[in-house]
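Visitor: For the protein sequence lines, the chains are A and B, in the order given.
Numbering (my numbering) for the first sequence: 1 to 257.
Numbering (my numbering) for the second sequence: 258 to 341.
Quick caveat, the hints were computed from the structure, so don't treat them as lab data.
A few of these clues could be false.
[What the hints assert, rightly or not] Reference excerpt, derived from the structure (chain B facing chain A, CB under 7 Å, subset only): (1) N260; (2) Q261; (3) I292; (4) S297; (5) V298.
[To be verified] SDA-like, lysine to any residue: derived pairs with alpha carbons at most 20 Å apart: (6) A:K49 with B:L285; (7) B:K273 with A:D111; (8) A:K128 with A:E197; (9) B:K324 with B:Q340; (10) A:K113 with B:S297; (11) B:K324 with A:Q109; (12) B:K324 with A:H174; (13) B:K273 with A:Q80; (14) B:K336 with B:H312; (15) A:K113 with B:P293; (16) A:K113 with B:D279.
[Said to hold, decoys possible] Simulated coverage check for chain B against chain A, where a stretch passes if three residues somewhere in it have a Cβ under 8 Å from a Cβ of chain A: (17) 281-290; (18) 317-329.
Just so it is clear, CB atoms sit at the ideal spot from N, CA and C, and this is done for glycine as well.
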Amino acid sequence: MSAGANDLFSLSRRTILVTGGTRGLGRAIALRFARAGATVIANYLRREKEAEQLRATAAEEGLALALCRADLTNERGMEQLDRALQEGGAPLAGLVHCAATGVHRPVEQLDWKHFDFTFHLNVGAFFKVVRLLLPRFSRGASVLAVSSWGALRALPSYTVVGASKGALEALARHLAVELAPRGIRVNIITAGAVRTEAWQAMPDGENRLAEAVRRTPAGRLVTAEEVAYGAQFLFSEAASGIIGQSLVIDGGTGIMI
Amino acid sequence: MCNQDDILVKVREVCKASFAVDPQKVNLETAARDIPGWDSVGQLSLGSELEEVFHISLEVDEMMALKNVRDVVRVIQTKLAAQT
């Protein structure tokens, strides 16, 4: 049944899991989806305070948003997530994988520990969560992997994170092909530089943000909310024909030489 | 609560929660290699538990730098002292 023009972008009656859903892009996507009518489960691991702030915002607005604290890099965390989803009951209409980490250093300052840690969360957790959710996905479900330009382009001190994002995108495209016959669409968002707290952990973060502004045709950074609008579109019926694609939301930075 | 002994008591419980180890076997000299599960990935579990129990925030770099219990206690002392 096709949606009318007014509800073509609605996410009502859908239950969606957002990993890394209490901070940065994940928070913006979780709120946008809930405001579009979805029931959102926002998974997180760290920074309880930000999680409680999100809970308070959702409560103020009367949004259907629940928190789940689970470490997606280990079995205990996956069991916690599984239990939380069981308690939710409803089939899942989708997953957004925003959870990400990484150490921003030049390669001579990186070791295997940094690589392993980064890949486990940024890529491995996506694989594990998709595997966990496969039996729970409803037909018509969507999966979205949140990536960055570092998957395709070289950025200073972004070696391991960028490599993990490249792997994430490749995994997403393969899943897109495998899951399309089940009616599950998998896509990618490539977000440009967005002012989130993640930049505080990067060496020279402020200068790099200023450089990102300089390189953006619009003369400003994209916002987390603008990225979230793109995510809503990819989850909506309006995007029903879009499978295995990367939607770039970067204010045009990527087209500049 | 910046006292080393008080912090160590809680760190032992964090190690129990993160790695299912006997807290009585955890002391300042205990290193990551002594605890099964305290690997690069276990570092995230440990760091997140420390944040929750001590109400502190750790950067990823700080988590990755924790090589033994003495490092853990030291970083917690520093964080708690900065809060006062």
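Visitor: Work down the list of hints and note, for each, if the structure agrees.
Guide: The hints, checked one at a time:
Because the beta carbon of N260 (chain B) sits about 24 Å from the nearest beta carbon in chain A, more than 7 Å, this interface hint is broken. Because the smallest distance between the Cβ of Q261 (chain B) and any Cβ of chain A comes to about 24 Å, over 7 Å, the interface hint for this residue is violated. Annotation: I292 (chain B) was flagged as interfacial toward chain A, and the flag is violated, the nearest CB pair being 14 Å apart, outside 7 Å. Contact between S297 (chain B) and chain A, as hinted, is supported at the beta carbon level, the nearest pair being about 4 Å apart and thus within 7 Å.
Checking V298 (chain B) against chain A by beta carbon gives a least distance of about 5 Å; that is within 7 Å, so the hint holds. Pair hint K49 (chain A) plus L285 (chain B) does not hold up; C-alpha atoms about 29 Å apart against a cutoff of 20 Å. Annotation: proposed proximity of K273 (chain B) to D111 (chain A) is violated, straight-line Cα distance about 27 Å (limit 20 Å). At roughly 26 Å between alpha-carbon atoms, K128 (chain A) and E197 (chain A) are farther apart than 20 Å, so this suggested pair is violated.
Between K324 (chain B) and Q340 (chain B) the alpha-carbon distance is near 24 Å, which puts this suggested pair outside the 20 Å criterion. About 5 Å separates the Cα atoms of K113 (chain A) and S297 (chain B), which keeps this hinted pair within 20 Å; it holds. At roughly 16 Å between alpha-carbon atoms, K324 (chain B) and Q109 (chain A) fall within 20 Å of each other, so this suggested pair holds. For the suggested pair K324 (chain B) and H174 (chain A), the alpha carbons sit about 37 Å apart, so the restraint of at most 20 Å is broken.
Proposed proximity of K273 (chain B) and Q80 (chain A) is supported: the alpha carbons are some 17 Å apart, at most 20 Å. Distance restraint check for K336 (chain B) and H312 (chain B): the Cα-Cα separation of roughly 9 Å lies within the 20 Å cut-off, and the hinted pair is therefore satisfied. Using a Cα cut-off of 20 Å, the hinted pair K113 (chain A) and P293 (chain B) holds, with the two alpha carbons roughly 15 Å apart. About 25 Å separates the Cα atoms of K113 (chain A) and D279 (chain B), which puts this hinted pair outside 20 Å; it is violated.
Figure legend: the stretch 281-290 of chain B, annotated as covered by chain A; annotation inconsistent (0 residues with Cβ-Cβ distances under 8 Å, at least 3 required). Note: the stretch 317-329 of chain B has 3 residues with beta-carbon separation from chain A under 8 Å; the three-residue rule is met and the coverage holds.
This entry does not satisfy hints 1, 2, 3, 6, 7, 8, 9, 12, 16 and 17, going by the numbered hints stated previously.
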